[in-house]
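Use the sequences and the hints to build the structure in full.
What follows is each chain in one-letter form.
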Amino acid sequence: MTASNIVELYGVTKAFGALTVLHDIDLNIVEGEILTLLGPSGCGKTTLMRIIAGFEPTTHGRVIIKGADVSNLPPDRRPVNMVFQRYALFPHLDVFDNVAFGLRLKKWPKDRIREVVRNMLQLVQLGDYGNRWIHELSGGQAQRVALARALVNSPSVLLLDEPLAALDLKIRHHMLAELKRIHQETGTTFIYVTHDQDEATILSDRIVLMNGGRIEQIGTPEEMYAHPRSLFCARFLGETNILDGAVRACESEVTYVDLGTGTVKVPTNGTALAVGQKVSLAIRPEALQVCRRAQPAATEGDANALEGTVEDVVFMGSRVLYSIRTPVETLKYQATRSVDGVMLAQGEEVRACWRPEAAVLLTH
Amino acid sequence: MLKGSRREAMGLALVTPSFLFLLVFFIVPAALLFVCSFWLAHSFRLIPAFSFDNYSRALSASGFYVLTWNALKNGLCTAAFTVALSFPTAYFIVYRTRGNLLFYLILVSWFSSYLVRIYAWRVILGSNGLINTTLMQLGLIDHPIEVLLFSPFATILTLIHIMLPFGLLLLVSALRDVRREYIEAARDLGASPFEVLTRVMLPMCYKGIIGAFMFTFVISAGDFVTPQLLGGREGMTTGILIANQFRSSGNWPFGAAMAFLLLAAFLLVYFVFVRLLHLLRLAPGRRFHD
Amino acid sequence: MLRIYVWLYVAFLYAPIAIITLFSFHSSPSLTFPFEGFSLRWYARIFTNTTFMDSLWNSILVGTATAATTTVLGSLTALGLARLKGRVQTLFGLLSFGPVALPGLFLGIALVMLFSQIGLARSLFTVTIAHVLFTLPFFLEAVRSRIEYFDLSLEEAARDLGATPAQAFRLVTLPIIGPTIGGAAILSFALSFDEFIITVFVSGNNTTLPLTIWSMMRRAVSPDINAASVLSLSLSIGIILLGGLLVWYQRRSALNARAKDIQE
Chain A
1 MTASNIVELY GVTKAFGALT VLHDIDLNIV EGEILTLLGP SGCGKTTLMR IIAGFEPTTH
61 GRVIIKGADV SNLPPDRRPV NMVFQRYALF PHLDVFDNVA FGLRLKKWPK DRIREVVRNM
121 LQLVQLGDYG NRWIHELSGG QAQRVALARA LVNSPSVLLL DEPLAALDLK IRHHMLAELK
181 RIHQETGTTF IYVTHDQDEA TILSDRIVLM NGGRIEQIGT PEEMYAHPRS LFCARFLGET
241 NILDGAVRAC ESEVTYVDLG TGTVKVPTNG TALAVGQKVS LAIRPEALQV CRRAQPAATE
301 GDANALEGTV EDVVFMGSRV LYSIRTPVET LKYQATRSVD GVMLAQGEEV RACWRPEAAV
361 LLTH
Chain B
1 MLKGSRREAM GLALVTPSFL FLLVFFIVPA ALLFVCSFWL AHSFRLIPAF SFDNYSRALS
61 ASGFYVLTWN ALKNGLCTAA FTVALSFPTA YFIVYRTRGN LLFYLILVSW FSSYLVRIYA
121 WRVILGSNGL INTTLMQLGL IDHPIEVLLF SPFATILTLI HIMLPFGLLL LVSALRDVRR
181 EYIEAARDLG ASPFEVLTRV MLPMCYKGII GAFMFTFVIS AGDFVTPQLL GGREGMTTGI
241 LIANQFRSSG NWPFGAAMAF LLLAAFLLVY FVFVRLLHLL RLAPGRRFHD
Chain C
1 MLRIYVWLYV AFLYAPIAII TLFSFHSSPS LTFPFEGFSL RWYARIFTNT TFMDSLWNSI
61 LVGTATAATT TVLGSLTALG LARLKGRVQT LFGLLSFGPV ALPGLFLGIA LVMLFSQIGL
121 ARSLFTVTIA HVLFTLPFFL EAVRSRIEYF DLSLEEAARD LGATPAQAFR LVTLPIIGPT
181 IGGAAILSFA LSFDEFIITV FVSGNNTTLP LTIWSMMRRA VSPDINAASV LSLSLSIGII
241 LLGGLLVWYQ RRSALNARAK DIQE
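Sequence lines, in order, name chains A, B and C.
Start counting the first sequence at 1; every next residue gets the next number (the numbering used here).
Start counting the second sequence at 1; every next residue gets the next number (the numbering used here).
Start counting the third sequence at 1; every next residue gets the next number (the numbering used here).
Honestly, I wouldn't trust all of these hints.
[Claimed, not checked] The calculated lysine to aspartate or glutamate pairs, modelled on EDC-like cross-linking and capped at a C-alpha distance of 16 Å, are:
1. A/K180 <-> A/E33
2. A/K106 <-> B/E195
3. A/K110 <-> B/E184
[To be verified] What the simulated footprint calls covered on chain B by chain A, stretch by stretch (three residues with Cβ under 8 Å from a Cβ of chain A suffice, anywhere in the stretch; the number is not a length):
4. 11–21
5. 96–102
6. 172–182
7. 240–246
Derived from the structure by calculation, the hints contain no laboratory data.
Computed from a predicted model, the values in this text were never measured in an experiment.
Glycine is no exception: its CB is placed at the ideal position from the N, C-alpha and C atoms.
Encoded structure:
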């Protein structure tokens, strides 16, 4: 056990009858971080969280929280608390009594409960709402009460199960900022489950991307964005262009990939690849440089290039999104609008270039 | 606005036939019965009057209290057992089964004819009945156990049997509102399974529990057929007394007065029961803090 | 553990019924074990018993009249309640609930008082009135969730597309709530078929089936009554199962039709 790991999962496997939803998951969660379990629905992220909370027993594997094996403990005896997707605030209790629920079960003295609950309601900015009934709260307020009710127990880990899914867009952005603030003020470890990549990138210290009951990749949002290790990861986080090709030659630093229309260079991704192997390149839309074909490109020299035609232009305020049809693939290109910048028009003949290190080599 | 009021007018028109029916055959008869409880009867003829004689006659007879206590006892025991026995089954149906087959299987038994079920228990419990003869054939007893039939025990057992499916129906629909999430949230906050029951499930299905308890209570305490057929002499209830006033050429106003006294006793039980749930903190809408 | 308890619970509910059914086929009049052999003689006797057959017919008559009246009153009320809001709806809901919130004894004596005061002779007609009063709350409760779920804007959409109120009802409302109403009508029939407590006060010379069984029970225990009981309960259970199947089948075919639409 490493001192800073608050939750450790070893070989966690979960099967419902013949259906295995989690395959041999190993994962360490560092004290104080916000870790997001990200993935499409059915990827096993919610099941993994419910296993940490104790609602589902594991089929195989161990769950260790703060160095103690809790695999066989029921949820009420684990030092974690959860914010439920639809909050699950008790309708027969008011806000204060909802927040005090856990402390009363621990038989805390009355005055301490009063003090701690009041401080917690202050923290979530609902200081005056103690006497409200649950049905009198707005969605955002209910969300804060759910947070307070879980945090007041000082859990080792706070589990959040798609907590913003029920809120509308505007409140959602506000609540993300609130979650960050509350995380900073309490220093509690957060495990956050979502299928929304924006929430994950805004909030997380680290993202665990899951697919089909397995972990695809773990890393900081920047790492995941800049260096996806699989096609799934490249496609799931942000917009990306995928170009399919075959290995022409593989050197220690550079791999040459034949796209059918020509060969491009890309940094070798660590493993040696056989000549002729099918691979893909992932290039972010903002990593492209596009210029009219008549002009010489600024970073010609070493750059890779594809020629094409501007097919579509979408103006989005500070950004402009282009679709560029090339013989290989229709590329998405994103440019920042600048006051003196030139806008490309539909139908213009262009050349799309990128530096070799702007692309990521992905094997199938 | 105009559309809304037109819709309401249509709604009122549609409920009018039922309203008239209920007015003529429910409200008017109930009022008439109440008025009649102040009348007098003389050699089987009703004499309109305004007299408290019927009430004072009932309340001054010690027998009335005994019979009313018997009725309330039947009702309370039946209601308590019905709710307590059905709650685990309702829990099983709501949280442990997917289809509704088991639920329907139980509900169907509700339609197995009230009288037939009373008759069946008579066959089973009688001194020549199934239990006694079987026990005697097995040599476990020498003489039939007489208290099985014609006793409050037989009445209450049969009433429980009759009320179980209906009580279950009410509890299941109440429990369906307590979504699994609430139970998980309580467990997550440190509640043991028993604390989940007392602090979350029971307060959240408070209305259903009151409904199930009061329905079974009112129907079984007011029932006169089961105690008459199975209760024996000790099992005599106010219900039988009232029914007798109205069937054989009896004293109708006296019967009506006793009926309203019984109703008052029911109301009292309701208030005590609700108060009890509040005191046990099994009712919602109460703050635990100041 | 819990599973075993639940099965015991079900066994407790069905055991008495099973025992009565078993002994209705007993070849000897004895109602105790050992079981001596099967015979249909009690059924043969009951089918030639004119009192029994007459009362069975009366029960079917009353049940049908009750179901028809309750269905008309109840459907109108349910559709009306969907259009009403707030206090009126709550008040009427409470009122219509009244007849089952009181013990049958009260309804029985109140009605007999009314009938005698207005000089209405007790007959199958008064029995039917009592049964409508008793079944109406159950009918409304059975259709309530379905009607609440029914979206009035569907009717308005039909009107907007050019349907008359009658057409909107026939083409939109009825197909949606129809199966539920059919199920509730059958429920009313079954409840009427078994009703005894109120009936005992308001019936005249023509008796219904439960009244006949009651008078058989008050006389010496004869094996006939086993057969009569089993016939009575299998009729009411049969009707309920039929109604359940009907509702289930209609829902399923509606779902299948919808699934087909989506596929195409």
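Against the structure, the hints come out as follows:
Note on A/K180 and A/E33: the hinted pairing holds, with a Cα-Cα distance of about 11 Å set against a maximum of 16 Å. Simply put, A/K106 and B/E195 have alpha-carbon atoms about 12 Å apart, close enough for the 16 Å limit, and the pair holds. Taking the CA atoms of A/K110 and B/E184, the gap is near 25 Å; set against the 16 Å cutoff, the hint is violated. Counting residues of the segment 11–21 of chain B whose beta carbon lies closer than 8 Å to any beta carbon of chain A gives 0, which falls short of the minimum of three for the stated coverage.
Given as covered by chain A, the segment 96–102 of chain B fails the check, having 0 residues with a CB less than 8 Å from a CB of that chain where 3 are the minimum. Look at the segment 172–182 of chain B against chain A: 3 of its residues bring a Cβ nearer than 8 Å to a Cβ of that chain, three or more, so the hint holds. With a cut-off of 8 Å between beta carbons, the segment 240–246 of chain B has 0 residues touching chain A; three or more are needed, and the interface restraint is violated.
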